[in-house]
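Chemist: Sequence:
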Amino acid sequence: MQAGCTVKTGCQVWFVVKNLDDIGEEEGRISRKTRRRWLVFFNETEYVPSDFVILSAGVFGTTEILFQSQMRGLKLSERLGSGFSCNGNTVAYVAGSPAPLGAYGLDSEQLSKISFQERPGPAISSSYTSSLGFTIQGAVLPKAFPYLLFKGITTYGWPPGYWLLHGIIDKIKHILGLKYSQAMVLNAMGYDESDGKITIEKETNKICFSPPHDPLLPRKIKAFQKLTRKLGGVLFMSRYRSTSVHLLGGCNASSHPSDGVCNPNGQVFDPKFPTSVHSGLYVCDASLIPCSVGVNPCLTIATAAEHVSNHLVQDVLKNKTRKGIEFLGKTVERKPSLIPHWKLDSIMEPTVVIKETMRGYVGGMPCSAHLKMKMNCWNQNGFNEPCQVLGESHPLLRGKVGGYVVFRSVEKDKLHVIDGDVDMCGVDYRTPYTQYMCYRLLLSGSSGSRYILEGRKIMNPYLFALYAWTESMTMHVTFKKVAKNSSTDQMMILRGALCISTTELLKSLISLEGNRKGKFICLLLQSLFRTYITQVPRGNHGDFPMSHLYQRPYPDSTLHYIKTGDGFIISCRQWKCGQNPWVPEEERKRNPVLLVNGHSTESYYLPTEPNDLIRTLLEEGHETWLLQTRLDPLNPSNNFTIEDIGRFDIPAAIGKILELHGLSAKIHLVAHCVGGLAIHIALMGGHVTANHLASLSCTNSSMFFKITVSSTVKMCLPLIPISMLILGKNKILPIFKTMKATPRQQLLKSIAQFIPRCERCTCDESFPHLRKICNNGFIVDSNGKNSYLTHPERMALPTLYISGGKSLLVTPQTSFLANKYMMLHQPGFRHERVVVEGFGHSDLLIGEESYKKVFPHILSHLRLAEDGRRNGGVSAEGLKCSKEALDWGDDPSYEAG
1 MQAGCTVKTG
11 CQVWFVVKNL
21 DDIGEEEGRI
31 SRKTRRRWLV
41 FFNETEYVPS
51 DFVILSAGVF
61 GTTEILFQSQ
71 MRGLKLSERL
81 GSGFSCNGNT
91 VAYVAGSPAP
101 LGAYGLDSEQ
111 LSKISFQERP
121 GPAISSSYTS
131 SLGFTIQGAV
141 LPKAFPYLLF
151 KGITTYGWPP
161 GYWLLHGIID
171 KIKHILGLKY
181 SQAMVLNAMG
191 YDESDGKITI
201 EKETNKICFS
211 PPHDPLLPRK
221 IKAFQKLTRK
231 LGGVLFMSRY
241 RSTSVHLLGG
251 CNASSHPSDG
261 VCNPNGQVFD
271 PKFPTSVHSG
281 LYVCDASLIP
291 CSVGVNPCLT
301 IATAAEHVSN
311 HLVQDVLKNK
321 TRKGIEFLGK
331 TVERKPSLIP
341 HWKLDSIMEP
351 TVVIKETMRG
361 YVGGMPCSAH
371 LKMKMNCWNQ
381 NGFNEPCQVL
391 GESHPLLRGK
401 VGGYVVFRSV
411 EKDKLHVIDG
421 DVDMCGVDYR
431 TPYTQYMCYR
441 LLLSGSSGSR
451 YILEGRKIMN
461 PYLFALYAWT
471 ESMTMHVTFK
481 KVAKNSSTDQ
491 MMILRGALCI
501 STTELLKSLI
511 SLEGNRKGKF
521 ICLLLQSLFR
531 TYITQVPRGN
541 HGDFPMSHLY
551 QRPYPDSTLH
561 YIKTGDGFII
571 SCRQWKCGQN
581 PWVPEEERKR
591 NPVLLVNGHS
601 TESYYLPTEP
611 NDLIRTLLEE
621 GHETWLLQTR
631 LDPLNPSNNF
641 TIEDIGRFDI
651 PAAIGKILEL
661 HGLSAKIHLV
671 AHCVGGLAIH
681 IALMGGHVTA
691 NHLASLSCTN
701 SSMFFKITVS
711 STVKMCLPLI
721 PISMLILGKN
731 KILPIFKTMK
741 ATPRQQLLKS
751 IAQFIPRCER
761 CTCDESFPHL
771 RKICNNGFIV
781 DSNGKNSYLT
791 HPERMALPTL
801 YISGGKSLLV
811 TPQTSFLANK
821 YMMLHQPGFR
831 HERVVVEGFG
841 HSDLLIGEES
851 YKKVFPHILS
861 HLRLAEDGRR
871 NGGVSAEGLK
881 CSKEALDWGD
891 DPSYEAG
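Each residue of the sequence shown is one higher than the last, beginning at 1 in this note's numbering.
Source of the hints: derived by calculation from the structure; they are not laboratory data. Hints should not be assumed to be uniformly reliable.
Lysine-lysine pairs mimicking DSSO-like chemistry, simulated, CA-CA at most 27 Å apart [said to hold, decoys possible]: (1) Lys320 <-> Lys272; (2) Lys589 <-> Lys853; (3) Lys272 <-> Lys75; (4) Lys853 <-> Lys820; (5) Lys355 <-> Lys412; (6) Lys412 <-> Lys75; (7) Lys749 <-> Lys729; (8) Lys481 <-> Lys75; (9) Lys412 <-> Lys206; (10) Lys226 <-> Lys75.
Pair ranges (Cβ atoms, derived) [what the hints assert, rightly or not]: (11) Thr478 <-> Asn43: 24 to 34 Å; (12) Ser368 <-> Asn639: 56 to 66 Å; (13) Lys507 <-> Lys320: 43 to 53 Å; (14) Met491 <-> Gly10: 37 to 47 Å; (15) Asp51 <-> Ala99: 55 to 65 Å; (16) Asp51 <-> Gly10: 23 to 33 Å; (17) Tyr467 <-> Asn783: 32 to 42 Å; (18) Thr199 <-> His256: 19 to 29 Å.
Idealized CB from N, CA, C, for every residue including glycine.
Taking the hints into account, I'd like the entire structure generated from these sequences.
Modeler: Okay, here's the thing in structure tokens:
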């Protein structure tokens with residue numbers, strides 16, 4: 001206390017868990033040197049770290065704490081709860097005795113009137129020891145004890161000649177101070193078999209037990225009857241064998257974990273090894289005593305506690321020496337910076353408590369999460385993963401999470417949350433218009449395994465609040481196992497979705513607790529209104545992390561201006577890769593790569609990202625070129641079609657590369673969306689020959705262009721012709737606020753704000769030609785005629801078609817049809833097709849995890865294309881696989897609509 005310790009009363013310890021690296025340290029909050037060995041939880045979310053934990057909660061209390069800890073992964077002996085003893089206790093009640101027993105307690109008035117010598121004794125007023133091997137003690141009844149309740153209800157009933165009315169009359173006499181009969185509690189103690197069992201009901205978390213066998217019970221009853229006859233009263237025997245005042249065992253001390261839970265020093269066994277213990281975890285109460293002692297066990301318990309304390313002190317001193325902490329045997333002044341005890345209650349009590357139940361499927365297997373969230377929790381930690389937020393949301397929208405997850409396919413028992421965070425208004429700096437509800441739960445199972453469940457409810461400003469209900473009720477989940485040994489443990493990652501039903505949502509609202517629940521609801525609704533209705537972005541450019549830009553600057557490049565065949569000036573940016581002299585000469589001669597963007601969005605040149613495709617290609621040894629076609633927003637206003645890009649821009653860029661590398665050079669083409677359409681027009685239109693190309697890789701694009709139903713409906717509407725009519729001759733909108741816009745452009749931009757999109761961006765020029773391609777489902781010329789698919793012989797090169805698993809704009813059928821088309825018409829080349837789950841349209845190239853899940857497919861295709869060309873093309877086995885691929889009837893990844 002003098003050293004600054006605060007005693008917090010009114011708390012009940014629920015369980016203890018080992019403080020492994022997964023709590024705190026992995027997020028950089030706690031260093032290994034200062035990390036405590038144990039976390040002592042006094043509710044579902046709040047805990048106290050400690051190096052030493054001494055459990056002294058009594059037989060039932062200590063055993064329950066260890067059972068709860070075992071359910072959360074603490075390895076304990078199978079003997080936990082066994083060896084339970086009642087110390088041979090049997091309780092009876094003698095009433096209606098005329099003898100002056102003096103076994104009633106005194107009230108405040110009686111206490112002052114009766115002399116000290118005439119007052120009844122303390123709890124035990126008399127004792128009788130039998131030669132049969134047991135002792136009977138008489139106990140004083142407190143003044144407020146419900147005698148009638150004890151007599152007729154908790155016993156075997158009313159004996160003959162004595163019933164409820166007699167008890168009522170006796171009670172009235174007692175109250176009026178008249179002469180009334182005496183009563184006394186008799187407690188027998190001796191030796192039982194110590195074979196009782198303490199268990200816990202996992203569904204209700206209640207302690208249950210079966211009492212030990214007592215061979216002396218008949219003799220004790222006869223002794224009770226004999227004493228009752230001498231006292232002249234009526235004997236009431238308890239109908240329950242659970243009545244006991246001297247409970248022992250449950251966490252028995254033993255020399256081996258097969259016989260007990262603790263060693264003779266009170267340390268809890270770790271059953272992994274015969275002599276190992278859980279360092280710092282002690283038991284120091286009656287639950288250590290492995291058998292009944294026959295007498296009042298208070299001295300036995302005190303002796304055991306003294307023995308445990310001696311060893312505990314030595315263990316503490318050794319731990320301090322090991323950590324290099326000097327032990328000072330003197331009083332330490334209380335630090336003024338510590339929180340005063342009168343403030344502790346208000347800080348530790350959360351202001352809002354929410355219960356939430358979600359059900360769904362993770363990895364195709366049923367899963368349910370039963371969570372209890374405490375918002376504005378006093379020990380709330382910052383959110384590092386998975387959301388990189390712009391600043392912090394209101395404290396009432398952030399908190400700690402407790403509860404459990406039921407995932408029978410992974411663990412047969414409940415997975416308890418031992419560390420959880422929630423942020424209901426998280427915003428990624430890459431998507432300031434999208435709101436995320438982020439959950440991060442560290443789960444622990446009874447097997448000792450630990451898991452991490454990360455979930456996000458993603459709320460996009462799409463069609464105002466049309467999808468608000470579904471998005472706010474659905475949590476996209478990633479479930480993974482924490483590897484204990486990274487070298488031997490297999491990594492398990494499962495994905496799925498959990499949803500909260502309307503009924504469960506109403507239950508959550510009804511069960512909402514806290515003194516600021518109104519404020520919480522108001523803040524949450526305000527955040528949703530800002531996301532869906534006003535659509536105001538959160539954060540500012542100053543919040544963007546810039547540290548990695550200084551640590552890893554973007555490679556230098558050269559900008560080439562190229563004049564196309566129709567006289568238009570385009571640009572092409574070149575990055576030269578630094579060749580490693582230690583790499584073999586053959587591997588250093590990588591072919592250059594030409595990148596072609598989609599419609600009005602830069603997908604490759606991302607200086608603010610540490611891992612974009614340009615950096616990745618340069619690290620692989622490929623010289624990289626980025627074509628900025630006439631479609632680029634920085635180019636001056638002009639009238640053109642996608643066909644013009646394929647006829648003039650792409651041939652001009654390829655010609656420039658061949659000019660620098662020689663006509664024998666081979667070029668890899670990588671294109672996205674509209675860029676892929678233009679490349680196929682260039683190839684199948686005969687504007688570019690495949691003899692100069694090493695391979696072709698397209699993301700969400702091909703000679704086919706299958707879009708979603710919602711996009712098809714919008715394409716069928718005359719939105720593009722009307723937009724062109726509004727713009728007039730100048731069909732390019734300014735993307736910077738510093739650029740002046742004409743009244744026509746301002747009108748179209750105002751209208752474009754109401755067009756649904758996942759992230760708001762500046763509305764650039766759209767093309768009538770693109771509308772014709774979308775409506776036909778494949779590339780056509782500017783007049784809408786099929787002039788290209790009839791020339792498959794011009795596509796003599798290896799191809800890779802990549803689609804996103806989420807059909808936001810282009811469906812996976814686009815890549816499926818293209819892959820079948822190429823295998824049918826060009827079987828002599830390698831053709832691949834990949835559907836990347838979890839990705840939509842543009843995020844295939846600009847997504848946060850694109851470098852992990854998308855770029856490796858592109859790099860592998862480039863490598864195989866170059867190796868295949870050196871080795872003479874595709875083998876006979878490859879031709880066989882291509883033929884088998886043509887037998888597929890439908891796209892297994894395609895979802896209609």
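Chemist: Each hint should be assessed against the structure and marked as holding or not.
Modeler: Hint by hint, here is what the structure shows:
no.	hint	result
1	Lys320 <-> Lys272	26 Å, holds
2	Lys589 <-> Lys853	26 Å, holds
3	Lys272 <-> Lys75	8 Å, holds
4	Lys853 <-> Lys820	23 Å, holds
5	Lys355 <-> Lys412	23 Å, holds
6	Lys412 <-> Lys75	16 Å, holds
7	Lys749 <-> Lys729	16 Å, holds
8	Lys481 <-> Lys75	18 Å, holds
9	Lys412 <-> Lys206	19 Å, holds
10	Lys226 <-> Lys75	50 Å, violated
11	Thr478 <-> Asn43: 24 to 34 Å	27 Å, holds
12	Ser368 <-> Asn639: 56 to 66 Å	58 Å, holds
13	Lys507 <-> Lys320: 43 to 53 Å	50 Å, holds
14	Met491 <-> Gly10: 37 to 47 Å	43 Å, holds
15	Asp51 <-> Ala99: 55 to 65 Å	57 Å, holds
16	Asp51 <-> Gly10: 23 to 33 Å	24 Å, holds
17	Tyr467 <-> Asn783: 32 to 42 Å	38 Å, holds
18	Thr199 <-> His256: 19 to 29 Å	22 Å, holds
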